[in-house]
Every structure is written in C-alpha cells, then in structure tokens.
Amino acid sequence: MGVAMIVALAIGIAFGWTLERAGLGSAPKLAGQFYFTDFTVLKVMFTAIVVAMLGAFWLGRLGVLDLAGVYVPETFLLPQIAGGAIFGAGFLIAGLCPGTSCVAAASGRGDGLAVMGGMFTGVLATGLSFAFLQRFYESTPRGALTIPQWLHVPYGLVVGAVVFFFAIAPHPAFGHPLPALRGEGQRGTPPPQRDGAFVTPLPARGERVREAGVRGMLALAAIVTMFAGSPYITRYVEPLDLASWIKDHQTIQVIDGRSAQEFAIAHVPGSTNAPGDSAIHVRKDGRDYVLRGGIDGWKREVLAATRPTPVTRYFGGLRRHGC
Amino acid sequence: MNRPYANPYVAGTGLGLVLLSAYAFAGRGLGASGAFASAAARVAPANPYFSRYHGDDNWLVVEIAGVIIGGFLSALLAGRFRRVVERGAGITTRTRIALAFGGGVAMGLGAALARGCTSGLALTGGALLSVGSWAFMIVAFAIAYLLAPAMRWAWR
Chain A
0 MGVAMIVALA
10 IGIAFGWTLE
20 RAGLGSAPKL
30 AGQFYFTDFT
40 VLKVMFTAIV
50 VAMLGAFWLG
60 RLGVLDLAGV
70 YVPETFLLPQ
80 IAGGAIFGAG
90 FLIAGLCPGT
100 SCVAAASGRG
110 DGLAVMGGMF
120 TGVLATGLSF
130 AFLQRFYEST
140 PRGALTIPQW
150 LHVPYGLVVG
160 AVVFFFAIAP
170 HPAFGHPLPA
180 LRGEGQRGTP
190 PPQRDGAFVT
200 PLPARGERVR
210 EAGVRGMLAL
220 AAIVTMFAGS
230 PYITRYVEPL
240 DLASWIKDHQ
250 TIQVIDGRSA
260 QEFAIAHVPG
270 STNAPGDSAI
280 HVRKDGRDYV
290 LRGGIDGWKR
300 EVLAATRPTP
310 VTRYFGGLRR
320 HGC
Chain B
0 MNRPYANPYV
10 AGTGLGLVLL
20 SAYAFAGRGL
30 GASGAFASAA
40 ARVAPANPYF
50 SRYHGDDNWL
60 VVEIAGVIIG
70 GFLSALLAGR
80 FRRVVERGAG
90 ITTRTRIALA
100 FGGGVAMGLG
110 AALARGCTSG
120 LALTGGALLS
130 VGSWAFMIVA
140 FAIAYLLAPA
150 MRWAWR
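Chains A and B are the protein sequences, given in the same order.
In case it helps, numbering that gives the first Met the number 0 puts the first sequence at residues 0 to 322.
In case it helps, numbering that gives the first Met the number 0 puts the second sequence at residues 0 to 155.
Hint data in this document are derived by calculation from the structure and do not stem from the laboratory.
Hints may contain errors.
Unchecked claim - Chain A regions said to be covered by chain B (calculated; three or more residues, Cβ under 8 Å):
hint, region
1, 9-20
2, 34-44
3, 126-140
4, 218-228
5, 263-271
6, 275-283
Source: prediction; values computed, not measured.
Beta carbons: idealized from backbone N, C-alpha and C, even for Gly.
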C-alpha cells in the first residue's frame, strides 16, 4: 500500500467521522433542510467551503501550498447544469447524498445502503448508455475555469466576497443545531416548530458576544483577503488559452520538458523538446507559464472544443502526431 | 448513550480542514460518486466513460472505504449505530427503501453527467471557485427546494 493510498484512507476516515459527528448520516436530518427545520447540511457545507477556500488561498499566498498543483474540477457547463438538476431531484427523494449515504449505511441505516445501491445502478446505467450521452457529456467544455478567471477579477476578491457574505448573512439559530425533522424513536411526534430563517430563539448574552466576535473576525479576514491578490506560485495557462494564442499567431515559445519518446508521440505544434522535467513550459510577453494538464489536458480540451468545427492546421499538425 | 450531534460550525470547520488536507497532501479534494464509477467500471465492459475510471484511480475507492470506517467508528462511539431504516411515520419501510434506491439512481445519473456529486464537485470545486462546481451546486439545491413540497408526504 503506497503513501497515496494511506493518505486516501486517512482522509476518508476523517471525512466519514466528521459527517457522522455532524449528524449527516441520518436521512431525516438531511431532509429537514428542504423543509426549513434543520440547516445542518448548509451550515456544515458552507462552513467547510469557507474554511477550505480561505485556507487554500492563504497557504498559496504565503508560499506553503502550490495551489496551481491542486486539481480543479473541470467545467462542462451544460452537462453540469442538467446533471445538477437531476442530482438535486434525486437528493430530495433519497434524503441522502452519495457521501452521506455511505455514512448512513456505515451507521446501520438500511436506507443508506439502498441509496448506495441506487447510486451504483445509476452510474452503471449512465456508463452503459454512454454512446448516446457522449456528445452532450463533452459539450460546452470550459477547462479548469474558476470564477475569478471567468469574471476577470483577482482571486482574492472572490474569496473575500464569499467569506464576507458568509460573515454577515443571517444564520438561523447560530451554533445550535435544530432537532432533526423526525429521528427514529420519535416517530409520530409532530415536526419541530417551523423555525427556519424566520424565528430564531434569542441566545444568551455570552453566545451573542461570541457570535459577534466570530462574525467580526471573519469579516475582517474577508476584507484583507479581497486585496491580497493571487494565491498561485506557478502561473498556469489553460489548454484552450494556449490554443487561442497559437491561433492568433502571438509570439510565444513552447518548450516541452518531457522525454524525446513522449514528445515524439504527441506534442503541442511549434514546440521544441528540451527534456528536463515533465512539464510543458510556455513563454509569452516575458512571462513564464506551465500548460495545465500537460499534453493530456491539451489533447482532451482542445480536441473536445474543436470537434464540431473544421480542424485548423495546428490541430491537423497535432493529429499527424498520433492524437 | 445517544450523544448529541456536534455543533454544525465546529463540524464544518473540521470538514473544511479535512478538505484542505486533501488539497495539500493529495493535490485533489474529496469525492464519493467517483468511487461508485470506479466500482461500476470493474463490472462493466470497457467504453470511453468507464475507461476514465480504470487504471490507477483507486484513490476514491480507498477514500470511500475510509469514509465507511470513519462513519462506523464515530457512530459506534457516540452510541448512534443502529440497524434501522429511517423514514417518515406515514410511509412503510418498503416505500422508504424504494425512494432511497430511486433517488440513488437519479443521483447516479446526475453525478455521472456532471462529473461529480456534492463531495467531489460541489464541496471540492466550490472551495477552489470552479465555475462548473458552483453552477452544479446552485442548480441542485434550487431544484431540490423547488420540488420539496411534492415530497413532503414521505417525511410526515
């Protein structure tokens, strides 16, 4: 068992443990979010996003973590919107999501096991009918597009804005998990009073001071982050951007650091081979970039994006090399 | 024996730190639906979809095995391990199992189309500001809230 697998197991254990501690291994608790009786899911999820987002930004900004080396889920806009709609309906019907269904099953819940069986069946069925879905599945590719790239604003500004919103937004029953919609053992009892974002019992003074303190510190961190710039150490160029640079005949220099054999199989047109590392380096306007995803990212994204349109001579050049 | 659940903000901070550790030590985030895809790829004939999950991608399967171990230990130690089917009082166990399975099938289809679920796409990509992740998350929750009144009977 390699180090990567030990890391995977350790992270998985911590993930499952945390979800269970929060109560997210129990379907009535998750379902409660849709009926405004229990906001645990949204609280846990958005707190986690804020913590990880701030942490990733500042670790990158301070040079501890090369954020450009972290895999960003790729955007395929239409399939993700359609998939999100189907997923949302399934989440509502099942009362559990894929990760929490594993925790529910692990804590003895038979409904969790049924969700896992359904998930497996659904993924298998989708995979088996992939011939019909492939065109849609690969449509509207945007690469590893982030919100700051999309809006053309600094990375820190987006992180700060999200954190600031989280800090000032009204949170129903701050710090007090509401009771589950209907846990087992309380079957037949009416659901707790509709609380939601509307009526929140006034907490004790100490609680209120603590809440104001946490909110104030978060808001301050958010404002500092807004003006902190970019967290990237390595500057990356997205495959589609590189393709457009080449197409626009911009003066760029592409140096392929991979071995001569790999270079012979496939390379970016116009690039020169200088074996040294495994990255593909791009120099443009005196700035150095690394091609995100390497040659695999280039092939997948550039070819996917250009499939419906006629192949230009650059892509033709790439094809000749066996892509 | 039935210990109360953790404060959601404390649990959320813990989850955020787990996610941050995954970025730092594995160069990727968390995931769940990908493990199901990897499992499906083992039994299905090879095709362009399943081939993405062949080969060295045991990471998600091992991680999900960890999730099950962690969830089990936490439930056991908190006195919450119980072999039951959780359901609303107005429906039978059989109906609840059918809903759970059917919802699972829909989530499987949705996650496969979207290339991820609440863990691998929404949480992981959300904190990395991925456009597709936020689009998925917003649409998924919007649809669930929109359709929620139609499913109220299952939890009465």
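How the hints compare with the structure:
1. 9-20: Since three or more residues must qualify, the claim that chain B covers the region 9-20 of chain A holds, with 12 doing so at under 8 Å.
2. 34-44: holds (count 6)
3. 126-140: holds (count 8)
4. 218-228: violated (count 0)
5. 263-271: violated (count 0)
6. 275-283: Since 0 is below three, the answer is violated.
The structure does not agree with the numbered hints 4, 5 and 6 stated previously, though it agrees with the rest.
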